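Each residue of the sequence shown is one higher than the one before, starting from 0 at the first, in numbering that gives the first Met the number 0.
Hints should not be assumed to be uniformly reliable.
Capping the alpha-carbon separation at 20 Å, the derived lysine to any residue pairs in SDA-like fashion look like this [as the list claims (entries may be wrong)]: (1) K187 - V52; (2) K216 - L150; (3) K152 - V122; (4) K187 - K71; (5) K191 - Q215; (6) K71 - H57; (7) K187 - I158; (8) K152 - T195; (9) K152 - V133; (10) K152 - L169; (11) K216 - Y197; (12) K191 - M53; (13) K191 - V133; (14) K187 - I89; (15) K187 - R164; (16) K216 - G171; (17) K71 - R27; (18) K152 - R41; (19) K71 - L1; (20) K191 - V122; (21) K71 - T19; (22) K71 - I89.
What follows is a list of derived Cβ distance ranges for each label pair [unchecked claim]: (23) Y160 - G104: 31 to 37 Å; (24) G124 - E58: 31 to 37 Å; (25) S90 - G171: 32 to 38 Å; (26) E151 - D24: 20 to 26 Å; (27) P111 - Q76: 21 to 27 Å; (28) V52 - K216: 18 to 24 Å; (29) D62 - P126: 36 to 42 Å; (30) G180 - G75: 17 to 23 Å; (31) N60 - R21: 25 to 31 Å; (32) S102 - E203: 15 to 21 Å; (33) T198 - E58: 41 to 47 Å.
For the record, the hints were derived by calculation from the structure and aren't laboratory data. Computed from a prediction, not measured in an experiment: that's the story for all the values here. Even for Gly, the Cβ is constructed at its ideal location relative to N, Cα and C.
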Amino acid sequence: MLHGVLYIVATPIGNINDITLRAIDVLRTVDVIAAEDTRHSRFLLDAHGISTVMISLHEHNEDQRTMAITNKLLAGQSVALISDAGTPLISDPGFRLVREVQSSGLRVESVPGPCAAIAALSVCGLPSDRFMFVGFLPARSTARSEALRELEKERSTLIFYESPRRVLGLIGAIIERFGGGRPLSIVKELTKHFETVYTSTAAEALVWLEEDPVRQK
């Protein structure tokens with residue numbers, strides 16, 4: 000029996016048209032789509048005429064779903080994994096699934112496309128020859144400060160993800176640890192109507208955010 004394939008499919012991070020022809024084809028032809036939030040992904044699938052059955056796979060059920068999906072692949076069914084936006088596994092669930100599928104001798108294929116971290120790096124004006132994707136830092140200030148301390152000697156451009164309600168705290172911590180003159184870029188609403196790229200120093204960025212609360216959204 001031929002085993003199924005697990006496809007890791009990147010989806011748009013904002014503009015619904017930023018999806019590849021291959022991604023659409025894969026999402027239409029697999030047996031099942033595993034989505035981080037099925038309600039959120041339904042809008043994208045409906046927009047592109049995709050009616051494939053969906054199941055949820057998120058941080059709270061990944062262990063359970065991993066076994067179920069592996070069994071589907073062993074039975075010859077193919078599955079596509081998508082996140083709410085961008086490339087799965089990048090600060091999103093899926094690592095445990097991919098590891099188990101590979102450990103079972105099954106095939107995993109990438110269907111590349113949008114990734115917020117790479118899109119931001121490409122437009123921010125900071126050095127892009129060397130970079131480190133850090134993702135989300137700990138929410139607690141002490142743990143966040145310790146995480147930044149471990150990055151003090153890193154000379155690559157650092158890429159962080161942060162939520163609107165914590166962004167002031169993050170930049171404040173960056174100023175405290177790296178100094179207010181540290182070059183910093185805030186990139187938000189990528190590929191959407193209000194896409195914004197603000198590149199300055201960390202101290203100037205903090206002032207810019209505080210001047211208008213809308214900029215923190």
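Here is how each hint holds up against the structure:
1. For the hint pairing K187 with V52, the CA-to-CA distance comes to about 32 Å; that exceeds 20 Å, so the pair is violated.
2. Among the hinted pairs, K216 with L150 is inconsistent with the structure: their alpha-carbon atoms are about 26 Å apart, more than 20 Å.
3. A hinted pair counts as satisfied when its Cα atoms are at most 20 Å apart, and K152 with V122 does not qualify at roughly 25 Å.
4. A C-alpha spacing of about 38 Å is found between K187 and K71, which places the hinted pair above 20 Å, so the restraint is violated.
5. Distance check on the hinted pair: K191 and Q215 sit about 16 Å apart at the alpha-carbon level, within 20 Å; holds.
6. Annotation: proposed proximity of K71 to H57 holds, straight-line Cα distance about 18 Å (limit 20 Å).
7. Taken as a hint, the K187 and I158 pair is honoured in the structure, with Cα atoms around 13 Å apart against an allowance of 20 Å.
8. Simply put, K152 and T195 have alpha-carbon atoms about 29 Å apart, too far for the 20 Å limit, and the pair is violated.
9. Between the alpha carbons of K152 and V133 the distance comes to roughly 14 Å, so the proposed pair stays at or under 20 Å and holds.
10. A distance of roughly 18 Å separates the Cα atoms of K152 and L169; the hinted pair therefore holds under the 20 Å criterion.
11. This hinted pair checks out: K216 and Y197 have alpha carbons roughly 14 Å apart, not beyond 20 Å.
12. Restraint check for K191 and M53: not satisfied, since their Cα atoms lie roughly 26 Å apart, outside the 20 Å limit.
13. Proximity of K191 to V133 is assessed by CA-CA distance (about 24 Å); at most 20 Å being required, the pair is judged violated.
14. With a C-alpha separation of about 17 Å, the suggested pairing of K187 with I89 holds against the 20 Å cut-off.
15. This hinted pair checks out: K187 and R164 have alpha carbons roughly 14 Å apart, not beyond 20 Å.
16. A C-alpha spacing of about 17 Å is found between K216 and G171, which places the hinted pair at or below 20 Å, so the restraint holds.
17. Proposed proximity of K71 and R27 is supported: the alpha carbons are some 17 Å apart, at most 20 Å.
18. Restraint check for K152 and R41: the C-alpha separation of about 44 Å exceeds 20 Å, so the hint is violated.
19. Simply put, K71 and L1 have alpha-carbon atoms about 12 Å apart, close enough for the 20 Å limit, and the pair holds.
20. With a C-alpha separation of about 14 Å, the suggested pair K191 and V122 falls inside the 20 Å cut-off, and the hint holds.
21. Simply put, K71 and T19 have alpha-carbon atoms about 25 Å apart, too far for the 20 Å limit, and the pair is violated.
22. For the given pair, K71 sits about 24 Å from I89 by alpha-carbon distance, which is inconsistent with the 20 Å threshold.
23. Restraint check, Y160 to G104: a C-beta distance of roughly 33 Å satisfies the suggested window 31 to 37 Å.
24. Remark: the range hint 31 to 37 Å for G124 to E58 is upheld by a beta-carbon distance near 33 Å.
25. Range check, S90 to G171: Cβ separation about 22 Å, and the 32 to 38 Å hint is violated.
26. In this structure the hint that E151 and D24 lie 20 to 26 Å apart at CB is violated, the actual value being about 46 Å.
27. For P111 and Q76, the Cβ-Cβ distance of about 23 Å falls inside the hinted range of 21 to 27 Å, so the restraint holds.
28. About 35 Å separates the C-beta atoms of V52 and K216, a value inconsistent with the hinted range of 18 to 24 Å.
29. Against the hinted window of 36 to 42 Å, the Cβ-Cβ separation of D62 and P126 comes to about 39 Å, which satisfies the hint.
30. Checked against the hint of 17 to 23 Å, the C-beta distance between G180 and G75 comes to roughly 58 Å, which is inconsistent with it.
31. Between N60 and R21, the C-beta spacing of about 28 Å keeps the proposed range 25 to 31 Å intact.
32. Taken as a hint, the range 15 to 21 Å is violated for the pair S102 and E203, whose Cβ atoms sit roughly 48 Å apart.
33. At roughly 32 Å, the beta-carbon separation of T198 and E58 lies outside the given 41 to 47 Å, and the hint is violated.
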